[in-house]
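As you go down the protein sequences, you meet chains L and B in turn.
The opening position of the first sequence corresponds to residue 195 in my numbering, with each subsequent residue numbered one higher.
The opening position of the second sequence corresponds to residue 718 in my numbering, with each subsequent residue numbered one higher.
Quick caveat, the hints were computed from the structure, so don't treat them as lab data.
Some hints could be false.
[To be verified] Pulled a few chain B residues facing chain L out of the computed Cβ check, cut under 10 Å:
no.	residue
1	756
2	772
3	773
4	790
5	791
6	823
7	824
8	825
9	828
10	829
11	833
12	834
[Said to hold, decoys possible] Label-pair distances were calculated between CB atoms; the ranges are:
no.	chain 1	residue 1	chain 2	residue 2	range
13	L	254	B	798	38 to 46 Å
14	L	329	B	804	23 to 31 Å
15	B	804	L	318	37 to 45 Å
16	L	269	B	795	31 to 39 Å
17	B	738	L	269	51 to 59 Å
[Unchecked claim] DSSO-like, lysine-lysine: derived pairs with alpha carbons at most 27 Å apart:
no.	chain 1	residue 1	chain 2	residue 2
18	L	324	B	791
19	B	727	B	797
20	B	807	B	727
21	L	339	B	791
22	L	324	L	282
23	L	339	L	254
24	L	324	L	339
25	L	324	B	797
26	B	807	B	791
All residues carry an ideal CB built from backbone N, CA and C; glycine is no exception.
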Amino acid sequence: MLDEVRAVFGGAVVETHEHRGDATVVIERRALTELLAVCRSRGALAFDVLMDLTAVDCSKFPGREDGPRFEVVYHLYSLTHNHRLRVKVRVDEDDAVVPTAVPLWPIANWLEREVWDMFGIRFDGHPDLKRLLLYEEFVGHPLRKDYPINRRQPLIGPAH
Amino acid sequence: MGVGSFFTSKLDEAIGWARKYSIFQYPFVTACCGMEYMATACSHYDVDRFGAGLPRFSPRQADVLFVVGTISHKMAPVLKRIYDQMTEPKWVVAFGVCTCTGGFYDNYATVQGIDTIIPVDVYIPGCPPRPESVLDGLMKLQDKIAAQVQRY
Numbered sequence: 195m196l197d198e199v200r201a202v203f204g205g206a207v208v209e210t211h212e213h214r215g216d217a218t219v220v221i222e223r224r225a226l227t228e229l230l231a232v233c234r235s236r237g238a239l240a241f242d243v244l245m246d247l248t249a250v251d252c253s254k255f256p257g258r259e260d261g262p263r264f265e266v267v268y269h270l271y272s273l274t275h276n277h278r279l280r281v282k283v284r285v286d287e288d289d290a291v292v293p294t295a296v297p298l299w300p301i302a303n304w305l306e307r308e309v310w311d312m313f314g315i316r317f318d319g320h321p322d323l324k325r326l327l328l329y330e331e332f333v334g335h336p337l338r339k340d341y342p343i344n345r346r347q348p349l350i351g352p353a354h
Numbered sequence: 718m719g720v721g722s723f724f725t726s727k728l729d730e731a732i733g734w735a736r737k738y739s740i741f742q743y744p745f746v747t748a749c750c751g752m753e754y755m756a757t758a759c760s761h762y763d764v765d766r767f768g769a770g771l772p773r774f775s776p777r778q779a780d781v782l783f784v785v786g787t788i789s790h791k792m793a794p795v796l797k798r799i800y801d802q803m804t805e806p807k808w809v810v811a812f813g814v815c816t817c818t819g820g821f822y823d824n825y826a827t828v829q830g831i832d833t834i835i836p837v838d839v840y841i842p843g844c845p846p847r848p849e850s851v852l853d854g855l856m857k858l859q860d861k862i863a864a865q866v867q868r869y
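So here's chain L without its partners, still in its complex pose (with noise of 0.2 Å):
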């Protein structure tokens, strides 16, 4: 699996690596769509189920303060061939945006949307982007490393 994906993207493929079957890819973001689109689609891959779309804070992760801030990682399942695939694209902090998988998979829509709320993570071409969880009054993304814990929120609602 690794080895396809390795051969058609040879240029933009980042780095790979597989341990007792959990097969990883990094890849450039310029190339991410249409990786994910080859997975989605190739009937050797054949990736139908996004299981899950999320993101790293590296910020604070160590041996990895000075390169890229953030991850993007995609959980990729296909229900024919019962096999997995995580996909990583490492985007910069003031450049954080990441081509949208909406067209390929609906349920990206709302991950994409949790991503955006608590990192601040942007997905270009994304139908709707606003906040999923948290309300549109609030400030800050929540799950950045460099939010304060104790940071309070001003009250909202009626007469507060």
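Using the hints provided, position chain B relative to the given structure of chain L.
Positioned in the frame of chain L, the structure of chain B alone reads:
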């Protein structure tokens, strides 16, 4: 001592006594404390002994608002509106440590005590509180209701 003042104080007592045994509660249940609330309400602990056995699931028909469980910032306006919909006289019980202080949810999502939103009459701490503490809190609320001076 005038006749009027003597008569008024006795009426207060009579109304207080009637009210404390006819508590119509509105359970605002949002989290795990609800389990303990159910245990208290069921036959083993039998909250009916205190005249509080009939929950009303409309705030407009309720006297006591039981806020049972964690209140998030997103839920806060809803709780406030529920409280505003209740008619006087009304009382509020903070059930569980999350409603009292926010509990261990010292984070971005949780209201640090519902008394930042609405007035609270009785605090029942515990995570969750045992039914015994709930009944103790209910009896304290009864004392408070009975002792309340009426405004005519």
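| Indices of hints not satisfied (ascending) | Of the numbered hints given earlier, those the structure breaks are 1, 2, 3, 15 and 19, listed in rising order.
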